[in-house]
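Use these hints to put chain S onto chain G, whose structure you have.
What follows is each chain in one-letter form.
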Amino acid sequence: MEIGLTNNEQAAFTMQHKSDHYCGRFYAMASPCELLIDTQDEKLAKQLTSIAQAEVIRIEKKFSRYRTDNLLHQINHSQGQSVIIDDETYRLLQFANTCFELSDGMFDLSSGVLRKAWNFNGSDQLPSPELVSSLLPRVGWQRLRFTSNELIMPADMELDFGGIGKEYAVDCVAKLCNQLAPKLSVVVNFGGDIQVTCPRKKDQSWHIGIESLQGEDLTAQLLHIKAGGLATSGDARRFLLKNGKRYSHILNPNTGYPVEDAPRSVTVAASHCIQAGLLATLALLQGPEAEQFLQNQNVQFWCYR
Amino acid sequence: MKKTINITAALASATCALLHPYASANDMLEGWKVDTSLMYYGETDRVTAVETVIAGQKDFGDERLFTGKIVIDTLTGASATGAVAQLTAQTVSRPSGQGSYTVNAGETPLDNTFKDTRVQVDGQWTQPWSDVSRITTGLHLSTEHDYYSLGFNGSYAHDFYNKNTTLSGGLAYSYDVIKPEGGLPVPFSTKTASTGYSEDYDDDGYIEEDGDDNYANDERSGSSDNKSTIDVLFGLTQVINRRMLMQFNLGVSQINGYSTDPYKVLSIVNDQGLTQSLVYENRPDSRIKTFAFWQTKYALDFGVADFSYRFATDDWKVDSHTFDSRLRINLSDSSYLQPHFRYYNQSAAEFFQPFLMEGQALPEFATADYRLGEMTAYTLGLKYGMELDNGDELSFRLEYYQQSPKNAGFTEPGTLKDVDLYPSVKAVIAQVNYRF
Chain G
1 MEIGLTNNEQ AAFTMQHKSD HYCGRFYAMA SPCELLIDTQ DEKLAKQLTS
51 IAQAEVIRIE KKFSRYRTDN LLHQINHSQG QSVIIDDETY RLLQFANTCF
101 ELSDGMFDLS SGVLRKAWNF NGSDQLPSPE LVSSLLPRVG WQRLRFTSNE
151 LIMPADMELD FGGIGKEYAV DCVAKLCNQL APKLSVVVNF GGDIQVTCPR
201 KKDQSWHIGI ESLQGEDLTA QLLHIKAGGL ATSGDARRFL LKNGKRYSHI
251 LNPNTGYPVE DAPRSVTVAA SHCIQAGLLA TLALLQGPEA EQFLQNQNVQ
301 FWCYR
Chain S
1 MKKTINITAA LASATCALLH PYASANDMLE GWKVDTSLMY YGETDRVTAV
51 ETVIAGQKDF GDERLFTGKI VIDTLTGASA TGAVAQLTAQ TVSRPSGQGS
101 YTVNAGETPL DNTFKDTRVQ VDGQWTQPWS DVSRITTGLH LSTEHDYYSL
151 GFNGSYAHDF YNKNTTLSGG LAYSYDVIKP EGGLPVPFST KTASTGYSED
201 YDDDGYIEED GDDNYANDER SGSSDNKSTI DVLFGLTQVI NRRMLMQFNL
251 GVSQINGYST DPYKVLSIVN DQGLTQSLVY ENRPDSRIKT FAFWQTKYAL
301 DFGVADFSYR FATDDWKVDS HTFDSRLRIN LSDSSYLQPH FRYYNQSAAE
351 FFQPFLMEGQ ALPEFATADY RLGEMTAYTL GLKYGMELDN GDELSFRLEY
401 YQQSPKNAGF TEPGTLKDVD LYPSVKAVIA QVNYRF
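Line by line, the protein sequences give chains G and S.
This note's numbering puts the first residue of the first sequence at 1, with every later residue one more than the last.
This note's numbering puts the first residue of the second sequence at 1, with every later residue one more than the last.
Next up, chain G with everything else stripped away, as it sits in the complex:
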């Protein structure tokens, strides 16, 4: 949900027959999206990819902050008035609320407004401290009020589901695949956020390349995964560099500044992609203590500094 949709919303997907599976590809949510399907049935592979694409487009349409015709736009332009929300939005808000509480306010879907000061384009353009401090009062998840059917947000705030949107889409698509083909192993991989629906027929692993940083080099690491979710968070492309200091794109909503001494990249494995994504993001927010935090979570992880 980083880039809005073009007019080419229903762009076709591509389908490739690999040695022991089919691979469906399309582009959405500013990411290459890929489905690896453990079948020799091309029709089924096409059906699943088409359903996946439709689901991603649905979620992107509904929650992208770059559109003007959706619910999120309505919320962000409600001027403090109540907005009617549906069940799915309510569940996402509830989830975000739990994450806010679990992170003591470090994970905040209203912190996107800080981007008005920060533009992580790899340059050395740091914002002025005045600009940052002027934006800070506009961040504050606790000021939101919502019930299962309405949301009231103060006029100066903005919501952005970018922090969980892609991982949520991965899990939704995995769930649909699992409903349509319950015992078929499908890898849903949207730009490195991954969910494997169930183990493969012959119990082999899927081999998936994950982009990660090793020193200054971007390398692809090959992971073996049988089932579950995997997500990566990091500043591979989004950072600022000034006087040799690297500013990661992970902003601390309490200070308005990037978290210091955060790992460059964190990959976490969990049963669902969205869990893995959250743990990876929360780890980055821990800065120097990211590894300690992940160790305490008893999850498998890969941290690169």
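Calculated from the structure, these hints are not laboratory results.
Please note: incorrect hints may appear among the correct ones.
[As the list claims (entries may be wrong)] Straight line, CA to CA, 20 Å or less: simulated EDC-like cross-link-like pairs of lysine to aspartate or glutamate:
#1 S/Lys-317 with S/Glu-374
#2 S/Lys-383 with S/Asp-324
#3 G/Lys-43 with S/Glu-387
#4 G/Lys-226 with S/Asp-62
#5 G/Lys-202 with S/Glu-393
#6 G/Lys-183 with S/Asp-389
#7 G/Lys-46 with S/Asp-333
#8 S/Lys-383 with S/Glu-51
#9 G/Lys-18 with S/Asp-333
#10 G/Lys-201 with S/Asp-306
#11 G/Lys-62 with G/Asp-86
#12 S/Lys-163 with G/Asp-203
#13 G/Lys-116 with G/Asp-156
#14 G/Lys-46 with G/Asp-20
#15 G/Lys-175 with G/Glu-88
#16 S/Lys-58 with S/Asp-35
#17 G/Lys-202 with G/Asp-20
#18 G/Lys-201 with S/Asp-392
#19 G/Lys-202 with S/Asp-333
#20 G/Lys-202 with S/Asp-389
#21 G/Lys-201 with S/Asp-389
#22 G/Lys-43 with S/Asp-389
#23 G/Lys-43 with S/Asp-333
#24 G/Lys-202 with S/Asp-392
#25 G/Lys-202 with S/Asp-301
#26 G/Lys-46 with S/Asp-389
#27 G/Lys-183 with S/Asp-392
#28 S/Lys-289 with S/Asp-319
#29 G/Lys-183 with S/Asp-333
Since the model is a prediction, treat every value here as computed from it, not as a measurement.
For chain S alone, kept in the frame of chain G given last:
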């Protein structure tokens, strides 16, 4: 922020609420794996059984599994009574002692009123005990019109060396109540029978008569008895290499209580081989069985080879060897063919006798039940399985089974030499299985 606190559980439940709304109602049915099968077993001229099995498995996450099974068996047809064939037709009273029927010359007397329905319910719960071990507990219930069984079991399995080795130990107890029709017969009491020729038998070789007059002659010692069984099992599963898996099991069972078949008899014959009378059998009321089992599974490029050998021995002196082999041949990614061959061989129980001689002292224990005699059996079968587009599995199995009882060294007097005392039993097994 709570750096030291583990938030995974809270995150997991939040994820569940996000991705699986309305879980309470739907999840009860979702996540169940159900296996259904219908099996037909038909012996030539004897027992026909139809068995329906519905088994369900529900995964509660974190390796906690519930498995439940309901089995309904319907048996009809005839089974051997233990009495010997004669050169002339003979009249035999029903197992209950009520009524009698006539058996053709040269044919093994069968009890043709054999009909029963068995309902069995099993439930099993498995959960991790630690990172490398699991416990399983289960309950078992089964009921027939003359037999009830209640059992429970527990086992513990521990993984070693990265799950390449698993050791397990288990204990099971079951309590059975036997309530034969017409009561428990007194061992070696006479069951009314007469030899002679009867003209009006039907095509099946049996004729029904009103046999109330025979009833009073049967002796009964009570209406029910019971039996308890304790099983101890040890297992070792070992991954040999990427393709090979081996399993070793050792087990001991101790049975105490009523082990006699209340419907089985022995013929008392004179030295010309003519049946003089039929007496009820008697078996010891304790039995200790021991078995050792070895199985190897080998993954081939085109399928799986599976071979097992089982040796069992007991203090009734029944020793048996079972060789079983299956070869799964993958025809495609979603279908396979599996030939099956099984060979079985057992020695006779020490108190097995095909008949008793008139005028000789009665032994303490005796049975003429061919299932406790010397025999060999083999099974030849073929199974075809396929995975459907929706991930469900459908399979068909067809097997031929032959049991060949043998003479364990008994000499037949007179005319018994001219009849077949050890007829073979041939059966066909057909099964359809659907898993979803």
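Assess, step by step, whether the Cα of G/Lys-201 is no farther than 20 Å from the Cα of S/Asp-306, and give holds or violated. 19 Å, holds
Next pair to validate is G/Lys-116 with G/Asp-156; report whether the Cα-Cα distance is within 20 Å. 13 Å, holds
Checking one constraint from the list: CA of G/Lys-202 to CA of S/Asp-389, max 20 Å. Satisfied? 17 Å, holds
Holds or violated: G/Lys-183 to S/Asp-389, with C-alpha atoms at most 20 Å apart: Holds. G/Lys-183 to S/Asp-389 sits at ~10 Å (cutoff 20 Å).
Would you check the hint for G/Lys-175 and G/Glu-88, treating anything up to 20 Å between C-alpha atoms as holding? The given pair, whose Cα atoms are some 14 Å apart, holds under the 20 Å limit.
Is it true that the CA of S/Lys-58 sits at most 20 Å from the CA of S/Asp-35? OK: S/Lys-58 and S/Asp-35 at ~12 Å, within 20 Å.
Below or equal to 20 Å on CA atoms is what counts here, so check G/Lys-183 against S/Asp-333. 14 Å, holds
Is it true that the CA of G/Lys-43 sits at most 20 Å from the CA of S/Glu-387? Measuring from Cα to Cα gives roughly 16 Å; hence the hint holds.
20 Å limit on alpha-carbon distance, applied to hinted pair G/Lys-202 and S/Asp-333: 10 Å, holds
Holds or violated: are the alpha carbons of G/Lys-43 and S/Asp-333 at most 20 Å from each other? 15 Å, holds
Check the hint pairing S/Lys-289 with S/Asp-319 against an upper bound of 20 Å on the C-alpha distance. 9 Å, holds
Please verify whether S/Lys-163 and G/Asp-203 have alpha carbons no more than 20 Å apart. It holds: about 15 Å lies between the C-alpha atoms, which stays within 20 Å.
Going down the numbered hints, you'll see the structure goes against none, and every one checks out.
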